[in-house]
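Visitor: Residue numbers (the working numbering), protein chains in the order written: chain A, 1 to 369; chain B, 1 to 369; chain C, 1 to 369; chain D, 1 to 369.
Simulated from the structure, these hints should not be mistaken for laboratory data. Certain hints may be false.
The list makes no distinction among identical chains, and a pair is therefore deemed to hold if it is satisfied within one copy or across any two copies.
Said to hold, decoys possible - Result set (DSS-like, lysine-lysine): computed pairs, CA atoms no more than 30 Å apart in a straight line:
id, residue 1, residue 2
1, Lys61, Lys214
2, Lys265, Lys61
3, Lys177, Lys61
4, Lys105, Lys214
5, Lys177, Lys265
6, Lys214, Lys265
7, Lys105, Lys177
8, Lys105, Lys61
4 protein chains.
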Amino acid sequence: MSESTIGVGLIGTGFMGKCHALAWNAVAATFGEARRPRLVHLAEARADLAQTKAAEFGFAKATEDWRALIADPEVEVVSIAAPNPFHAEMACAAFEAGKHVWCEKPMATSREDARRMLDAQTRSGAVAALGYNYIQNPAIRQMEELIAGGAIGAVNHVRLEMDEDFMADPDAPFAFKNGASSGYGALDDFAVHPLSILWRLAGPVASVMTDQAKPYAAREGRNVETHEIATSLLRLANGASGLLVANRAAWGRKGRIAIQVFGSKGTIAYDQERMNEFQLFTREGDERTQGFRTVLTAPVHEPYGLFVPAPGHGLGFNDLKVIEAHELLRAIDGRESRIVTFETGFAIEETVHAMARSHEERRWVDVAP
Amino acid sequence: MSESTIGVGLIGTGFMGKCHALAWNAVAATFGEARRPRLVHLAEARADLAQTKAAEFGFAKATEDWRALIADPEVEVVSIAAPNPFHAEMACAAFEAGKHVWCEKPMATSREDARRMLDAQTRSGAVAALGYNYIQNPAIRQMEELIAGGAIGAVNHVRLEMDEDFMADPDAPFAFKNGASSGYGALDDFAVHPLSILWRLAGPVASVMTDQAKPYAAREGRNVETHEIATSLLRLANGASGLLVANRAAWGRKGRIAIQVFGSKGTIAYDQERMNEFQLFTREGDERTQGFRTVLTAPVHEPYGLFVPAPGHGLGFNDLKVIEAHELLRAIDGRESRIVTFETGFAIEETVHAMARSHEERRWVDVAP
Amino acid sequence: MSESTIGVGLIGTGFMGKCHALAWNAVAATFGEARRPRLVHLAEARADLAQTKAAEFGFAKATEDWRALIADPEVEVVSIAAPNPFHAEMACAAFEAGKHVWCEKPMATSREDARRMLDAQTRSGAVAALGYNYIQNPAIRQMEELIAGGAIGAVNHVRLEMDEDFMADPDAPFAFKNGASSGYGALDDFAVHPLSILWRLAGPVASVMTDQAKPYAAREGRNVETHEIATSLLRLANGASGLLVANRAAWGRKGRIAIQVFGSKGTIAYDQERMNEFQLFTREGDERTQGFRTVLTAPVHEPYGLFVPAPGHGLGFNDLKVIEAHELLRAIDGRESRIVTFETGFAIEETVHAMARSHEERRWVDVAP
Amino acid sequence: MSESTIGVGLIGTGFMGKCHALAWNAVAATFGEARRPRLVHLAEARADLAQTKAAEFGFAKATEDWRALIADPEVEVVSIAAPNPFHAEMACAAFEAGKHVWCEKPMATSREDARRMLDAQTRSGAVAALGYNYIQNPAIRQMEELIAGGAIGAVNHVRLEMDEDFMADPDAPFAFKNGASSGYGALDDFAVHPLSILWRLAGPVASVMTDQAKPYAAREGRNVETHEIATSLLRLANGASGLLVANRAAWGRKGRIAIQVFGSKGTIAYDQERMNEFQLFTREGDERTQGFRTVLTAPVHEPYGLFVPAPGHGLGFNDLKVIEAHELLRAIDGRESRIVTFETGFAIEETVHAMARSHEERRWVDVAP
């Protein structure tokens, strides 16, 4: 392979598959310095769809057999954007074939599968990144730098809310996501996102006390098996107290991930629905002019300027995936990187499993270190 | 006494004492229909201060002996705005003398005292109101009417946050509110406010799972005995899940009481720092134009129009106390009223005590019905 | 008269009459130091209404003859809240009787009447204040102090918007305010408010270029004679450029007075619909954390603390009138005061008349100095 | 050429050149149905930079001679993102060579050049689009559909503000944009953007009354020749009144394009700094729940869903350019399209020239029809 390119395979062409494709198309033009991806191979369960999407996304080859894609010697890194139950098998196969992996979150649908994926990666020595793209937002990165730099002092309290409303309609039919096979509900579907951000801002969770609730017990006469709402008390490893709530039935919320981090010198707040800004309060200066300031992202907040050289012009959801692709390429090149590794991803999912156990046992549960 | 006036006594001239005085001065001019209060007697521990404040506030007589005030036959209703430890003795004395009572929250510093006050009131047959003035906001009243009328369907989830920052400075000296004699901390100081609003919007709390935290363990070398932060999972009597957090150390928050109520058809949100508006989302109409609407309070939201006949012009904190005074007068006249009675106030405080017990015992605790 | 009280007469009991009554009832209790007003005499065109309102508002005497009120030797200061066409006659009579005057805005319905009022006041030596209560907001006062102190550098550009929607309905019947006898329309009804604020923040207007528009030409078959919308270019005496717009037909705006002041070092913004906060941007500090900060009013912003000792708890529209009453009492006592004098009020109205002339003549017009 | 692809040439690799490159890379993957662009040729004044950028952006050939690019038979459409003074010559050459053109705004630095470009395009019959990407925002498109569908009734008043702060620092050195050769200043640099949006929402401007101002007369001892601030009264062709302001020296504003459109039934508002939402007020329904609603863009707002299938997740500035590329491809294919044509673009620039004339002559100026 040319040193200046890298061969990419993509499995899956749905929401996140397309998002990966857009990222692979944009990363070189955006970041300049990175190795230019060659879009080698695309896999999709239906052969005709694979062909169509390969043409649209710019991939050279198409297949309905993801194993063929992994076996393709031109493919050096594999984007896994297939349904969650397939993640483990695909990732393990890729690692065995010596490929790097970019896998959508969550890692897997069971703790065991996730563990197996982590082990396979460790054995292979390949680079693996999970698709927690929200943390790639220049706003989040800036918040992280501010907190690390002491701008709000020692963190003593956090609040995390993630809300959407696609499960809010009581009259909607019974869906795949209402069955137990899809997971716990909001807990694994949503909570991992704010937890991945929390990880960057204030570190891991030490113990949890969780409650899950069903706003609607049944749909179309069938019992709903998942919980659309999860609420949790948190204690972080650093001693801070906290709250987390995830709600898939929150009318009017569309992509809300609201974060509040309180410290001994100030407070930082953020809402994903207004992803190009964050709120900062510090106790500094004249008390008559203190207040939460709304900071719009700008070229001073890396890597915003590689997208737009003017401040306040706004990045979008898909741009975060481009940054993630770049961070993955940096990791593959052995450079410092902000990807969420399988190790961290596994720890985040352990937190979620601890929450589910806490709900069942109605008691505080420690998160395995 | 004249049928068209009512004799008022006021005990205390601090923050809330002044607030009561302003309300007694304004209520007749604002509401017209109400009996005009005669400001008869004012009590304050220091005799000279009693004299000065009586002149400023417009009271005819002044005393440093609150018992003299209660004994004054011209006094028909007693405003109790003295420090919390005195509430029980004053209120019980007033009831025994056959006076109506308007008592600042919380009722008392112990569950026993509060119980005693409730019993004394029941025996006397007098009217008693607690100073939970936030519920008198026309915005809150409108939210209550909307929820009761089904605008957001069945309530299935609630979130309550109350935050200020007067305990946020780690370098501030040890204060009265840092000692155990002042109570639990944020729990009794703050949580009663959002709970009083919740009571109106979605009814009582059935069980709680609470955690309390100390952002700063010590001040001036002395151990801080109270908890500035309280977090709690809630289950309401109606089955809804919920969260409550109270934080006296939340830098940048000044008078935040943020409420979110989620239902099967919509969502309502409110923040006391912008007390003249609320947010409403309903699933009705064209999906392309759905969104949270910011409703500014207006004459259509009773009793706003008695303060200002033009919409969007804004009431203030003290105006809520005027409404409360009016509701108290209505109750005294035997009319329908929105005061927080001692019975409800006691139930709210029971919820707080259950939270404290939950924190200690690290388990879910049912609130006594 | 006692040195510690002042006798008050009030003419008019509508929107602003009630507002004056509330202010006179509250000012002593709020500010403490001020002379306590004695509510002596109330005048209202209908005798029975005068009686009823005198009882509600707490005035000792009632009359349907405003001249009797002015002649009452116990009356030392006269609140004029009667319809605008009566202002001139009432104010002149009050000045001739040696009374101080608190007159609602606008001064008069013609430039000549306003001039006559100013002359009468000058001859009498009495104190006269106009009811531009918005400038009494602690938020506005703080903005003024910040600008005067150089926080945003030299002011080079301003924008003023005042919008309500009570004239927005095209199907509403022809009303008094649609006839030429009521004035120009939005120009004199609204523009004086933002201009009074501008006066405090950046000084007088030097020249104007104005356009007026009618969103609806007719109502009920009658030609609408007033203009619900006025737009104007401004040049201030200090050289800054500016814009002003007033719109009584702005659907959804209820009490909007939006102000933006731009300077060489920063920007200040304000909206009356959220009257307890303002926005401040300064170029100071780390560029990565610059942003507009939302400053909530607090005891550090005088005289907020005399209403509520806790920050972020909110004043209301009527509280501004209480501050205005206090400033008037200060002026009567010969102390420094922030009232809008008849001289300034006349200059503000001259600006409006220049705007009307500019509209007619379709050219820039200088405001008489 | 293959029917399923189209050959692209790009001139310029700065801010907008990169933006075009990103759009050409993303448009096929995003929209699927469109012809896939082949990135054929890139021109940049410096040969080495041309090479580097061609590699990064994915163009096959690189040149420092833009005429060679236009002569390249493989190039079917030319992106012109070179400095404004070159637009006319490049566009005319492209049209003569029978190429379609995608030209950044403004068309040209003089009215004559713009006229020449329009004539050349008309002669050639090629498709030409101007880079007014803001109008491609799904939020703007939705606003347009709402207004066209009568949601706010007949438009009677508009306000347009465009503000940034890159010229706000009085101590910054004299820059190219301070010299007369760069144009009028904020007027041509900024005003065209809100005018392009206004065109879609409420149609063309009929007459203008404009003032321009210099916040800082000199920099580094040299006279500043441009005006950083332009204010203008507007009358639209439909009779509505309006205001426009453009300010390059507005501290704290980063990418603000604030639009307010008032109609007989409602109001719509938008701010580019929060480009994924708009505000809508309609007079419909219960008055107690009326308010401005914040509508977050979503798949129901075309073509948002082709970027992200979930609502409220946010597009970015660069995504708007992808939509623009798609609309251009639609126009080339003879399908209905929302591009800003040279004809419309010329009319927008005529409005700006009329404004400049109005400023000079201090009078209302009609915009040539």
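Visitor: Cα distance capped at 30 Å. Does lysine 214 pair with lysine 265 within a copy, between copies, both, or neither?
Guide: between (39 Å within a copy, 15 Å between copies)
Visitor: Under a CA distance limit of 30 Å, which applies to lysine 105 and lysine 177: within one copy, between copies, both, or neither?
Guide: within (16 Å within a copy, 46 Å between copies)
Visitor: If the cutoff is 30 Å on CA atoms, where do lysine 105 and lysine 214 land: within, between, both or neither? Let me know, please.
Guide: within (24 Å within a copy, 35 Å between copies)
Visitor: When Cα atoms must be at most 30 Å apart, do lysine 265 and lysine 61 count as within-copy, between-copy, both, or neither?
Guide: Neither, since 55 Å and 47 Å both go past 30 Å.
Visitor: From the Cα coordinates, with 30 Å as the cut-off, is the pair lysine 105 and lysine 61 best called within, between, both, or neither?
Guide: For lysine 105 and lysine 61, only the intra-copy Cα distance (25 Å) is at most 30 Å; the inter-copy one is 39 Å.
Visitor: How do lysine 61 and lysine 214 come out at 30 Å by Cα distance, when the copy is not named: within, between, both, or neither?
Guide: So lysine 61 and lysine 214 fail the 30 Å test inside a copy (45 Å) and across (59 Å) alike.
Visitor: As a check of your reading, is lysine 177 near lysine 61 (CA-CA no more than 30 Å) within one copy, between copies, both or neither?
Guide: neither (33 Å within a copy, 49 Å between copies)
Visitor: What label fits lysine 177 with lysine 265 when the C-alpha limit is 30 Å: within, between, both, or neither?
Guide: between (42 Å within a copy, 20 Å between copies)
In terms of the numbered hints stated before, the structure departs from hints 1, 2 and 3, listed from lowest to highest.
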